[in-house]
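With the sequences and hints as input, model every part of the structure.
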Amino acid sequence: MTRHWAPVAGDFITIDFDPQAGHEQAGRRPAIVVSEATY
Numbered sequence: 620m621t622r623h624w625a626p627v628a629g630d631f632i633t634i635d636f637d638p639q640a641g642h643e644q645a646g647r648r649p650a651i652v653v654s655e656a657t658y
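Per the working numbering, the sequence shown starts with residue 620, numbered consecutively.
Note that these hints are calculated values from the structure, not bench results.
Keep in mind that a hint or two might mislead.
[Stated by the list, open to error] Here are the computed distance ranges between Cβ atoms for each label pair: (1) Thr621 to Gly646: 23 to 29 Å; (2) Trp624 to Gly646: 20 to 26 Å; (3) Arg647 to Arg622: 20 to 26 Å.
Even glycine gets a Cβ: it sits at the ideal position worked out from N, Cα and C.
Printed below as a string of C-alpha cells:
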C-alpha cells in the first residue's frame with residue numbers, strides 16, 4: 620500500500636524552482652509551508 624505524504628503548515632520542504640522565469644533563482648531551495656490545504 621502506497622501512502623501519499625502531504626505537507627502541513629509549518630513544515631520545511633525543498634522545492635525545485637526549475638525552470639525559472641526572468642531573474643528568479645533556479646534549482647532546489649528550502650521553503651516553509653504556509654497553507655493548511657492539500658493541492
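Task: Arg647 paired with Arg622, Cβ distance criterion 20 to 26 Å - done: 23 Å, holds
Open item on the list: Does the beta carbon distance between Trp624 and Gly646 stay inside 20 to 26 Å, or does it fall outside?
Closed with: 22 Å, holds
Task: Thr621 paired with Gly646, Cβ distance criterion 23 to 29 Å - done: The hint (23 to 29 Å, Cβ to Cβ) holds, given that Thr621 and Gly646 are roughly 28 Å apart.
In terms of the numbered hints stated before, the structure departs from none.
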